[in-house]
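Colleague: Sequence:
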Amino acid sequence: MFINKTNDGRNNICGRKISELRGCLKISQRELADRLQIAGLDVDKNAIQRMESGKRFITDIEILAISKIFNVTPNDLLDIK
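In terms of my numbering, the sequence shown opens at residue 1 and continues consecutively.
Some hints could be false.
Unchecked claim - Cβ-Cβ distance ranges computed for the label pairs, FRET-style:
hint, residue 1, residue 2, range
1, N4, K26, 18 to 28 Å
2, F2, E31, 32 to 42 Å
3, N7, Q37, 29 to 39 Å
Stated by the list, open to error - Calculated lysine to aspartate or glutamate pairs in the DMTMM-like style (CA-CA distance at most 20 Å, straight line):
hint, residue 1, residue 2
4, K68, D42
5, K68, D44
6, K17, D44
7, K45, D60
8, K26, D8
9, K5, D60
10, K45, D8
11, K45, E20
12, K17, D76
In short, the hints are calculated from the structure, not lab data.
For glycine and all other residues, C-beta sits at the position ideal for the given N, C-alpha and C.
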């Protein structure tokens, strides 16, 4: 049976990286949500919190937009070498 969670039970593999990158830019979850809304995504601060904590799945569309906000590749977010 296929399980779509990480080994530690998270619903995504890039939430921790998003939190790390957000910290490097010294922006709040609300500010990240605002930037993503400007990019055309319907997310709020609570969605960012749930992404970072691993409680929320992150779509490929969101990964692309987030990678643009942080000026990294999607592979960087997904920790693909």
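Colleague: Checking each numbered hint in turn, tell me which of them this model violates, lowest number first.
Modeller: Of the numbered hints given earlier, those the structure breaks are 1, 8 and 10, listed in rising order.
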